[in-house]
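Going line by line, the protein sequences match chains A and B.
Take 1 as the starting number for the first sequence in the numbering used here and just add one per residue.
Take 1001 as the starting number for the second sequence in the numbering used here and just add one per residue.
Don't read these hints as lab results, they were simulated from the structure.
Mixed in with the good hints there might be a few duds.
[Said to hold, decoys possible] Quick partial rundown of chain B residues pointing at chain A, CB under 10 Å, derived from the structure:
| hint | residue |
| --- | --- |
| 1 | P1035 |
| 2 | R1055 |
| 3 | P1077 |
| 4 | A1130 |
| 5 | V1136 |
| 6 | D1221 |
| 7 | C1223 |
| 8 | R1273 |
| 9 | A1294 |
| 10 | G1317 |
Using N, Cα and C, we set each Cβ at its ideal position, and we do this for glycine too.
There are 2 protein chains.
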Amino acid sequence: MTHDHSSCCGGHGHHHDHDHSHGADATGAADLSGPAESPIVVEVTRGGMVESVHRARACIVDAGGHVLARWGDIDAPVYPRSAIKALQAIPLVESGALDAFGLGDAELALACSSHSGEPVHTERVAAWIARVGLTVEDFECGAQIPYDSGTAAGLVRDGVAPSALHNNCSGKHAGFLTTARHRGEPTRGYVRFDHPVQQRILGVMEQMTGQDLSRAPWGIDGCSIPTVGVPLGAIAYAMARIADPVDLPDARAEAVTRIAGAWRAHPHLIAGRNRFDTAMMQAADGLVLVKGGAEGVGCALLPEAGIGIALKIEDGGDRAREVALAALIRSTKVLGEEHWARAATLLEAPITSRVGRPVGVVRAAGGFPSLLDHPDQAGVELSRP
Amino acid sequence: MTHDHSSCCGGHGHHHDHDHSHGADATGAADLSGPAESPIVVEVTRGGMVESVHRARACIVDAGGHVLARWGDIDAPVYPRSAIKALQAIPLVESGALDAFGLGDAELALACSSHSGEPVHTERVAAWIARVGLTVEDFECGAQIPYDSGTAAGLVRDGVAPSALHNNCSGKHAGFLTTARHRGEPTRGYVRFDHPVQQRILGVMEQMTGQDLSRAPWGIDGCSIPTVGVPLGAIAYAMARIADPVDLPDARAEAVTRIAGAWRAHPHLIAGRNRFDTAMMQAADGLVLVKGGAEGVGCALLPEAGIGIALKIEDGGDRAREVALAALIRSTKVLGEEHWARAATLLEAPITSRVGRPVGVVRAAGGFPSLLDHPDQAGVELSRP
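Here chain A stands alone, though its shape is the one from the complex (with noise of 0.2 Å):
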């Protein structure tokens, strides 16, 4: 029962000195005295009980670091997995990759998102990576089953293998190979810790976090990329910054502004047929951008109100990111009464039985407080260096 940490944190220079045991205590997730507070209460009811509940974390917080609201432990490191691939995609604007491939929009939108594998996402990532001079072998992210069910069907009926393409990362990686190819970088073994474009991404989470991140946590996520513990605050901060670059450099700002108005302008890249991210900025209007990550890691932005929002599922349950995401957005009062009549399955989501007969829902126990009904939650400072 021992925990090999060798598999994943072996051989680099940049954290020689790495304290695991330090990554799990800071948690407070490691011994039976108790997980990090995560007082959300999400409930999956059926019938006349409520049948399970999963906890969460989050917090609310605005560019200049303040927390407007927060629900439990936010000091405490979270892998944010694939719900800040906006973050990771900053290196691939600033140095000017982007632009030198004659790259657009559509691609930038596909390096932010967890595609489903539909071809209208694997496509365009085919001919991105091709302009580039790569092809599929040099994805280091490993094939998948598309998400897209009627898509992994028909790779089934045509007898064609899932490959790298259908990763839901391979717009990532296909943004990770762009930048290394512009900087005359080896591609190879881009997914390493100690590769420059890790290592890049890895000062770009510093910079946006605020945060040392020299001795955090770091494991391994399903991409085979490094995914570095980072305090729930600090992750939406970072969000924040993103919803309001005011006080960043301004070849930063316009990196961020330009990979927000991607984000926006492509619901449909980010994600999906079906799935919550795509529904929920759709119904928005693009007053929210969404974007979600495995183990229960959600974020949001909110230009028009410059702030972020992080969450974190303790148990990390998708289903409920989901509606406990959405409970956050509709609690800062951005979206009107149209938005969220057009989201009301994605607030409270059925379930139904194997005929199609709702039995239950999951949702955000008692809702959420709003912001403005709880002015004594504002102002607590973001604990930064």
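Guided by the hints, dock chain B onto chain A, whose structure is given.
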């Protein structure tokens, strides 16, 4: 955001005075003040950090109703879902229907199964239902894509839509239909709460759990039959009475002994390829019988020790149910080192990246105390009416 009960609980006499709010209140899970106490922690690690945690409550009970060990609230009701299919199979045996149609242990195991829809499962269910003079059209459980990915891909390649035979519950439904045919009851509507098939099962559930379930919360399961909330301790008690039926009436003792024998003899029919229940029972050489259900419910019984185990993962997560149930079974010390050597990945389940690299594990945090090491947990009487 109001909870619509009417879809699940209207139109039956048995529960005409059923108070749904009571069900929600009894769980304690419907408000932010706290879900039922679930002190067991299952941790999901990745690299240097615990990324997610699941919480659980559980107990180990003997056939005399003595609680040998408990973790958290075992009085709050749980929908047992598919974890108590062995109890739902009792009328199939006791009514004489199984013998009358010349059915045997394989069919009885399928009645207790949540199978993967492999040909070995569906062909047997198809032959069974034909023997009873019915067809797939008589099933009211709905169609389902088989859990077994190879079988599911084969259906797509062949252009064959999944049918009710592939529903993981088709064996259970075949048992319902067989009992109804044998007793001359209408088969149509056999999934309804007020149909004799379901009322008979409600009676068996009351007898085996020692509970008055006339006011218990209930909902509709994925396969359209009722699932009735039962205190977790009482579910374990019912399992213990299958393990050691000494206090049961002779006909009931004979029925559960026959069911346990079929369950033990056919671990592959109970679930299927790469499924936890099958793998755990095979590793244990039949010393433990295991059955999982939806929403994180797990049951086990150890005939040699005469004890039953019941487990509920608070958030409903399958991955946590599996490792927690393995850890609970280990705590009984009934299995030897040779069994656990074969079941190592059931106690600590690897998480891999999409290229197959190990990046983390799912395991009970801190393991579980053994019964003998914690004698102070023993001897709590299970409350029975």
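Against the structure, the hints come out as follows:
1. This hint holds: P1035 (chain B) has a C-beta 5 Å from the nearest C-beta of chain A, less than the 10 Å allowed.
2. Taken as an interface hint, R1055 (chain B) checks out: its beta carbon lies about 8 Å from the nearest beta carbon of chain A, inside 10 Å.
3. Because the smallest distance between the Cβ of P1077 (chain B) and any Cβ of chain A comes to about 7 Å, under 10 Å, the interface hint for this residue holds.
4. With a least beta-carbon distance of about 22 Å to chain A, the hint placing A1130 (chain B) at the interface is violated under the 10 Å criterion.
5. For the restraint placing V1136 (chain B) at the interface with chain A, the shortest Cβ-Cβ distance is roughly 14 Å, beyond the 10 Å limit, so the hint is violated.
6. Because the closest C-beta pair between D1221 (chain B) and chain A is about 7 Å apart, less than 10 Å, the hint holds.
7. A distance limit of 10 Å between C-beta atoms decides the matter here; for C1223 (chain B) the minimum to chain A is near 6 Å, and the interface restraint holds.
8. Annotation: interface hint on R1273 (chain B) violated; nearest CB of chain A at approximately 17 Å, more than 10 Å.
9. Against a cut-off of 10 Å between C-beta atoms, the interface hint on A1294 (chain B) holds, since the closest Cβ of chain A lies about 9 Å away.
10. Because the smallest distance between the Cβ of G1317 (chain B) and any Cβ of chain A comes to about 6 Å, under 10 Å, the interface hint for this residue holds.
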